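Just so you know, we're using my numbering here: the sequence shown kicks off at -3 and counts up by one.
Keep in mind the hints are simulated off the structure, nothing from the lab. Bear in mind the structure is a predicted one, so any value in this text is a computation, not a measurement. We put the CB at the ideal spot given by N, CA and C, even for glycine. Treat each hint with caution, since some may be false.
Said to hold, decoys possible - DSS-like cross-link-like pairs, simulated, lysine-lysine; straight-line CA separation at most 27 Å:
no.: 1; residue 1: K65; residue 2: K49
no.: 2; residue 1: K423; residue 2: K407
no.: 3; residue 1: K43; residue 2: K65
Stated by the list, open to error - Label-pair ranges, simulated between beta-carbon atoms:
no.: 4; residue 1: G57; residue 2: P447; range: 29 to 35 Å
no.: 5; residue 1: G335; residue 2: K87; range: 34 to 40 Å
no.: 6; residue 1: G360; residue 2: D218; range: 42 to 48 Å
no.: 7; residue 1: M413; residue 2: E217; range: 20 to 26 Å
no.: 8; residue 1: E187; residue 2: D329; range: 40 to 46 Å
no.: 9; residue 1: D343; residue 2: G246; range: 23 to 29 Å
no.: 10; residue 1: L635; residue 2: A672; range: 54 to 60 Å
no.: 11; residue 1: E187; residue 2: G57; range: 41 to 47 Å
no.: 12; residue 1: E420; residue 2: R473; range: 32 to 38 Å
no.: 13; residue 1: G291; residue 2: I431; range: 15 to 21 Å
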Amino acid sequence: MADKNRETKALSSIEQVAALLDPRNVVLVGASDRPGSWTTRVWRNLKRYNYGKPVYPLNPGRDQIWDVKCYKSMAGLPEAPDHLVILVPAKAVAGVLRDGAAAGARSATVFSSGFDEIGSDEGRAFGDQLRAAIIDTGLAVSGPNCLGNMAAAGSLVTMPDDRPQVLERGPVAIVGQSGGLAMAIKRTLEERGINTGYMVTSGNEAGLTTADYIRFFTADEDTRVIISYLEAIHDREGFLDACRAARGAGKPVVVMKLGTSEEGRSAALAHTGGLAGSIAAFDAVAGAAGAIRVGTLDDVVEVTEYLLHAPLPDGPALGAITFSGGLRGLMLDAAERHGLRFPPLSDKSQTTLEGMLGAGSAVGNPLDGGFGVLTSAETYRRAIEVVLDDPNIDILLLQEELMREPGSTRKEEYLRMVEGMAAEAKKPIAYVSMISYGLTEFSRGLRAELPHLAFLQETDKSLRTFKSVADYAAIRRLGEVCMGAPSAEESAAAARVREAAAGAVPGDPHALSEPDSKALLAAYGIEVPTEAVVGSAGEAVKAARDLGLPVVLKAVSAALPHKTEAGAVLLGLADEDAVRTGYHSIIDNVAKAVPGLTLDGVLVAPQVSGGLELVLGINNDSEVGPVVMFGQGGVGLELYGDVALADPNLDLARAAALVAKTKAATLLDGFRGGPAYDRDAVLAAIVAMGRIARDLGDVIEALDVNPFVALPGNGGGLALDGLVVVRGG
-3 MADKNRETKA LSSIEQVAAL LDPRNVVLVG ASDRPGSWTT RVWRNLKRYN YGKPVYPLNP
57 GRDQIWDVKC YKSMAGLPEA PDHLVILVPA KAVAGVLRDG AAAGARSATV FSSGFDEIGS
117 DEGRAFGDQL RAAIIDTGLA VSGPNCLGNM AAAGSLVTMP DDRPQVLERG PVAIVGQSGG
177 LAMAIKRTLE ERGINTGYMV TSGNEAGLTT ADYIRFFTAD EDTRVIISYL EAIHDREGFL
237 DACRAARGAG KPVVVMKLGT SEEGRSAALA HTGGLAGSIA AFDAVAGAAG AIRVGTLDDV
297 VEVTEYLLHA PLPDGPALGA ITFSGGLRGL MLDAAERHGL RFPPLSDKSQ TTLEGMLGAG
357 SAVGNPLDGG FGVLTSAETY RRAIEVVLDD PNIDILLLQE ELMREPGSTR KEEYLRMVEG
417 MAAEAKKPIA YVSMISYGLT EFSRGLRAEL PHLAFLQETD KSLRTFKSVA DYAAIRRLGE
477 VCMGAPSAEE SAAAARVREA AAGAVPGDPH ALSEPDSKAL LAAYGIEVPT EAVVGSAGEA
537 VKAARDLGLP VVLKAVSAAL PHKTEAGAVL LGLADEDAVR TGYHSIIDNV AKAVPGLTLD
597 GVLVAPQVSG GLELVLGINN DSEVGPVVMF GQGGVGLELY GDVALADPNL DLARAAALVA
657 KTKAATLLDG FRGGPAYDRD AVLAAIVAMG RIARDLGDVI EALDVNPFVA LPGNGGGLAL
717 DGLVVVRGG
């Protein structure tokens, strides 16, 4: 048996998921014919959907069940077990896994709950036992606390849901940490005529994780869109790598992520025992890897509908042709809410449409085509061509919904005409309805005949969909980042930070002094002012004289990260007497604020004025790891929170995209007659922060540069303050 275990452990994650979803046989461990029991439901589903391989009930207390032989042990089975469906108490699960692996099993689905998700010491102990059994045996395990799986290709349904469902190969694969929500997505997609080839409910992910399933779906030829309902990431690097691989294969990963609120993060912990991090950090890091996060289950369906039927746009600029002035207004409102634009049509397009449509139409973008397009297919076709050919437009939206019954020859003629145009067009075409509607069998049949058109429902949902798709397309266009190896100076500075972290109390955050923090910044190419650390009032005066007045004084101590609150920062000291008095004031203020603290000295720095205050930073998120922060400093940060986050893998183009997400971008370019500031210096500093996060992301808890001052013109930029906090140990 040891050889079999070694063989199982050597399987790749793709091979492990294949063992789970295409088993040689299924063993129902804990089989019970109690009415409504989950094993009974799973048994019936395997029979209902004609699973063609052996299914063995196992219960040591039964000789027969469901009118078939019931087996008392793994050893008593007529062949080696392959896939175990486990419904026994939590305390017994680890033993079942070990017994099954010893008998030759390759995979298991653990329905049982009562592990880490319940938050008790006993539950955590059972979870530890379960994980140890998985590691020791190498079994491919989904769950615990899950609802089974479905694979249309092999007619496998190990789920207890006893409602009839479609089991046909399709272009969508779903993995959900909630089985109920995964099933809701599947059923709604089916109502839209979209079949699901695979559905996995991953539960607590003690064994296989969402990353493993994404890798498997990426390798599957039939899968075109991957959907994930995600409460918490259990394998950070694996998840991000899997999303990148899917992006590279042209297979979007649509993620419905729990944890946009504090209550939602608590619910994730209670449901699957996973710790959810900041949703903004997830968007930055997972978004850069290729995940498309959406806010609602309806959005999952709409984005999937688009991705299956329309190409990605080359940009975010929307064009639209409607039959209703009201819908035109709804589109404009929704676009503003979601950060989209309907740019003006070119002069050529405007003139052509005015001559074509005449009275009763509102020529603009969106275009209200009026009776001209309602009564003439040729006019409609020409209007579509004009807007599609407009250089200002990246994607064309049309007003219409799928017919629910035959009879409207004009609608069907228009739909089929536009299908032919969409098949040849270089830009995507999508239909938008005013309101959500249900599909009939006729609707679904017609929809199947229009494969190059996305039919999206309800205006606001549709515009949210275009925003998600446009952002994903922009990520795809950026490609990969090659940051290069760290320089010798960067490596040496990083080593000093690691040494400081190693000398701190394990697990506790430890702040570096401002000079040490700035030394790290300078090593990575972020300019800092020329400064001096002094130990007396006389030295402070001399340093001020050398640096040039006015100056700033700050206390220096790693034990005093928040100096302002302690009265340990003095600004604008314009003469030597002020410097001398200021030095003594800082010493006195610190002694009162933190009795017994011995300072490393007092920092003297030139007062910098005339620049734009910005903030740069690194935050280490509990779920996705380090993220780079950029935004307004000063009042803009405190009052408006004008900041945005980015994945640390940055180049100048990505840094520019980060800046563009903030109002600071407008200030950088000069606002209301104000000067423009050195944007290039800002972008270079952001990229440098990314390199720091890359090299020290495992030890830096946080890094704040507040303010980073961008100077006018090409004057560069300076990190006027810096604070590095590392994890001890």
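Right, here's what the structure says about each hint:
1. The hinted pair formed by K65 and K49 meets the criterion: a straight-line CA distance of about 16 Å does not exceed 27 Å.
2. With a CA separation close to 22 Å, the supplied pair K423 and K407 stays within the 27 Å bound.
3. Proposed proximity of K43 and K65 is supported: the alpha carbons are some 16 Å apart, at most 27 Å.
4. Checked against the given bound of 29 to 35 Å, the beta carbons of G57 and P447, roughly 54 Å apart, lie outside it.
5. Restraint check, G335 to K87: a C-beta distance of roughly 51 Å breaks the suggested window 34 to 40 Å.
6. In this structure, G360 and D218 meet the distance hint of 42 to 48 Å, their C-beta atoms being roughly 43 Å apart.
7. For the pair M413 and E217, the supplied restraint of 20 to 26 Å is violated, since their beta-carbon distance comes to about 32 Å.
8. In this structure the hint that E187 and D329 lie 40 to 46 Å apart at CB is violated, the actual value being about 28 Å.
9. Look at D343 against G246: about 37 Å separates their beta carbons, and that is not inside 23 to 29 Å.
10. The hinted range of 54 to 60 Å is not satisfied by L635 and A672, whose Cβ atoms lie roughly 24 Å apart.
11. Evaluation of the 41 to 47 Å hint for E187 and G57 yields a pass: the beta carbon distance comes to about 43 Å.
12. A C-beta distance of roughly 23 Å is found between E420 and R473, which places it outside the suggested range of 32 to 38 Å.
13. Between G291 and I431, the C-beta spacing of about 19 Å keeps the proposed range 15 to 21 Å intact.
Consistency note: the structure conflicts with the earlier hints numbered 4, 5, 7, 8, 9, 10 and 12.
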